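For the protein sequence lines, the chains are X and C, in the order given.
FYI, full-length UniProt numbering numbers position 269 of the first sequence as 269, with every residue one higher than the one before it.
FYI, full-length UniProt numbering numbers position 261 of the second sequence as 261, with every residue one higher than the one before it.
Certain hints may be false.
[Stated by the list, open to error] In silico SDA-like pairs for lysine to any residue, Cα to Cα no more than 25 angstroms straight-line:
1. X/K35 x C/A207
2. X/K216 x X/Y268
3. X/K102 x C/L92
4. X/K5 x X/V39
5. C/K342 x C/V82
6. C/K230 x X/P91
7. X/K102 x C/G147
8. X/K102 x C/E361
9. X/K216 x X/P193
10. X/K112 x C/E374
[Said to hold, decoys possible] Footprint (simulated), chain X over chain C, 3 or more residues, beta carbon under 8 angstroms:
11. 173-187
12. 301-308
13. 368-375
For the record, the hints were derived by calculation from the structure and aren't laboratory data.
Note that the structure is predicted; figures quoted are calculated from it, not measured.
Ideal placement from N, C-alpha and C gives every residue a C-beta, glycine not left out.
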Amino acid sequence: MAAEKMALAKAITESLRTSLEQDSKVLVMGEDVGKLGGVFRVTDGLQKDFGEDRVIDTPLAESGIVGTAIGLALRGYRPVVEIQFDGFVFPAYDQIVTQLAKMHARALGKIKLPVVIRIPYGGGIGAVEHHSESPEALFAHVAGLKCVSPSNASDAYWMMQQSIASDDPVIFFEPKRRYWDKGEVDKTAIPGPLHKARVAREGSDLTVVAYGPMVKTCMEAAAAAAEEGRSLEVIDLRSMSPIDFDTVQASVEKTGRLVVVHEAPVFYGSGAEIAARITERCFYHLEAPVLRVGGYHAPYPPARLEEEYLPGLDRILDSVDRALAY
Amino acid sequence: MTVESTAARSKQPRRSSSKRTSSPKKKAAAKKPAGDPGLVQLLTPEGERVEHPDYAIDLTADELRGLYRDMVLTRAFDAEGVTLQRQGELGLWPSLLGQEAAQVGSARAMRDDDYAFPTYREHGVAWVRGVPPENLLGMFRGVNNGGWDPNSNNFHLYTIVIGSQALHATGYAMGITKDGADSSVIAYFGDGASSQGDVAESFTFAAVYNAPVVFFCQNNQWAISEPTEKQSRVPLYRRADGFGFPGVRVDGNDVLACLAVTRAALEHTRSGQGPMLVEAYTYRMGAHTTSDDPTRYREDEERKGWEAKDPILRLRTYLENEGLADEDFFASLEEESTALGKRVREAIRTMENPDEMAMFENIYADGHALVDEERAAYAAYQASFAEEGN
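Using the sequences provided together with the hints, build the complete structure.
Following this line, the structure appears as structure tokens:
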């Protein structure tokens with residue numbers, strides 16, 4: 001079967017549909033995921049086809065959604081939970097961090113918690129506050145959780161199914177500003193491992209690491225840099241926990257320079273972890289300190305300022321220049 | 001496992017010694033429960049059987065002795081927990097002293113296929129479910145953070161964060177409905193937890209999805225130092241009203257009433273009528289935990305008042321007055337209590353510290369590259385000492 005072209009959001013819908021078809025234990029639950037199909041229409045049509053029993057409109061209570069999903073998982077179900085927006089996950093943070101992440105270990109491995117928590121995240125859509133945040137580091141910091149984020153439709157399709165198949169809790173960060181970006185999805189392909197990074201563009205002068213919504217921006221930056229004769233290698237991390245450091249290391253050993261880009265604030269962000277680990281692994285290969293580009297230590301700004309806050313082409317290229325200047 | 005809880009033994013038919021205790025029914029016909037008319041009571045603090053229009057119970061002598069035995073052994077085990085903490089064998093122990101009837105009565109109402117979601121104080125429930133008592137000690141000794149397979153006895157792990165388990169219980173109950181099963185769930189929590197958002201959300205979810213879950217609130221009057229008045233303006237059982245399901249207050253020191261009310265509540269959930277709230281009105285006779293000092297916030301007079309309502313004493317009075325148990329029974333139970341204490345002491349003293357590599361185990365079901373890396377690094381670090389030693 002030939003590859004189909006579809007939007008990233010649609011690829012997730014298709015993926016959920018496949019999972020619901022293949023495993024009767026898979027449930028989709030969240031606010032407005034039923035009749036409405038979710039505020040981003042990611043669950044569009046699923047309730048109609050699979051019924052209210054499997055595609056569940058929940059009360060408006062995030063802790064309740066995740067807490068009951070844990071109970072359903074204990075009963076043998078595989079709930080896929082939607083948190084409507086990034087900034088709304090915090091009422092559920094206690095259940096995720098205190099309960100979901102630790103329960104497998106507390107039971108000495110006797111029980112499994114195959115819960116997927118979908119969070120549309122990131123800015124760039126001109127939203128009101130609490131609708132544009134990037135809280136991935138707050139989850140990646142927690143042992144017991146896995147965190148992934150697709151950057152394109154094909155990855156969205158496969159990574160969602162792999163996350164549902166995982167026996168561990170997975171926080172699935174969906175780059176909401178890329179929901180409508182179309183890409184090729186080959187449903188007959190054999191996907192690579194869920195937590196493996198992908199070299200999105202090969203280059204020789206400098207490595208750029210990004211994930212989710214920033215991959216596209218970094219690809220554009222690499223194209224612009226190429227016009228100036230600079231060869232950037234772009235790595236799509238795909239997984240923020242665990243991180244495929246081997247792929248990043250191999251690239252940095254080749255290029256000698258690394259810039260990490262994410263929308264989340266730089267301070268204590270995943271870029272800090274990547275910088276520290278890569279510095280340790282590649283100390284003698286580095287020609288410049290690892291630089292980070294991301295949000296500032298400020299509340300996510302009002303929409304009219306977000307273009308200043310978010311890493312864009314110019315800020316990424318500025319850091320590339322600084323790294324190359326060493 | 002050699003677990004001798006009465007529940008485990010109760011799988012054998014026990015009709016042989018079925019001396020029915022129906023006589024109190026007649027005797028009590030004229031009697032009304034004392035005190036709060038909203039409080040379901042079937043056995044007064046003085047050990048007299050009374051009737052309640054909505055909650056009847058008819059137990060054999062054997063069953064009554066079984067309830068008594070469960071409460072006595074639970075108390076003995078609990079006392080051992082306090083002692084072991086004082087001796088430095090445990091880091092902490094939350095005593096259930098005074099709440100034996102609420103726990104044994106409610107747990108004895110459950111079927112094997114029902115599921116209990118406890119707080120960290122449900123030692124009596126654990127006993128009735130057949131969880132080996134030794135298993136409860138691991139987390140308080142610091143050798144694990146939970147330590148048993150919840151599915152072995154349909155008894156979930158102890159939950160320390162207040163009220164979180166009410167949502168797990170509700171989700172589990174939602175799963176039962178999806179499976180088309182007629183099992184039910186009990187969510188245990190306390191008066192303090194009634195203020196938690198998770199408990200309120202679990203009420204909402206259970207009501208909306210008509211989930212077969214009994215919310216069993218042991219109101220032991222104190223959330224560490226805060227009295228129930230700091231949690232609620234209304235009696236806790238009335239919290240259910242606003243969520244659209246029934247709530248009932250039961251004398252939590254009356255094991256017969258706790259059994260009868262919980263049985264009825266479980267049947268209510270099984271019959272597809274949705275959740276029910278039971279408030280077991282009881283008293284925490286001891287400190288919140290072995291780290292707590294109740295003399296700083298409550299009067300001893302209050303405690304003394306509750307001593308007269310002791311759950312074990314009143315059933316003993318009843319058994320003796322009705323001739324349902326003889327001296328041999330009480331004497332052999334005392335021996336059994338002593339033996340249980342000894343068994344627990346021996347278990348704790350032979351409980352080995354976990355292997356140092358255990359902290360890297362069971363974090364993920366499918367593994368995690370960082371955990372593998374850190375485990376290997378730690379092992380290499382440890383091995384470096386051995387090399388130095390050589």
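The hints, checked one at a time:
1. In summary, the hint linking X/K35 to C/A207 is supported, as the alpha carbons are separated by about 21 angstroms, within the 25 angstroms threshold.
2. Between the alpha carbons of X/K216 and X/Y268 the distance comes to roughly 23 angstroms, so the proposed pair stays at or under 25 angstroms and holds.
3. For a cut-off of 25 angstroms, the pair hint linking X/K102 to C/L92 stands: about 21 angstroms separates their Cα positions.
4. A threshold of 25 angstroms between alpha carbons decides the hint, and for X/K5 with X/V39 the separation of about 22 angstroms falls inside it, so the pair holds.
5. Simply put, C/K342 and C/V82 have alpha-carbon atoms about 14 angstroms apart, close enough for the 25 angstroms limit, and the pair holds.
6. At most 25 angstroms may separate the alpha-carbon atoms for a hinted pair to count; C/K230 and X/P91 meet this at roughly 23 angstroms.
7. Proposed proximity of X/K102 and C/G147 is supported: the alpha carbons are some 12 angstroms apart, at most 25 angstroms.
8. With a C-alpha separation of about 12 angstroms, the suggested pairing of X/K102 with C/E361 holds against the 25 angstroms cut-off.
9. A hinted pair counts as satisfied when its Cα atoms are at most 25 angstroms apart, and X/K216 with X/P193 qualifies at roughly 21 angstroms.
10. The straight-line distance between the Cα atoms of X/K112 and C/E374 is roughly 22 angstroms, inside the 25 angstroms bound, and the hint therefore holds.
11. Check on the segment 173-187 of chain C: 6 of its residues sit with their Cβ under 8 angstroms from a Cβ of chain X, so the three-residue criterion for coverage holds.
12. Look at the segment 301-308 of chain C against chain X: 0 of its residues bring a Cβ nearer than 8 angstroms to a Cβ of that chain, fewer than three, so the hint is violated.
13. Three residues within the 8 angstroms Cβ limit are the bar, and the segment 368-375 of chain C against chain X gives 4, so the coverage statement holds.
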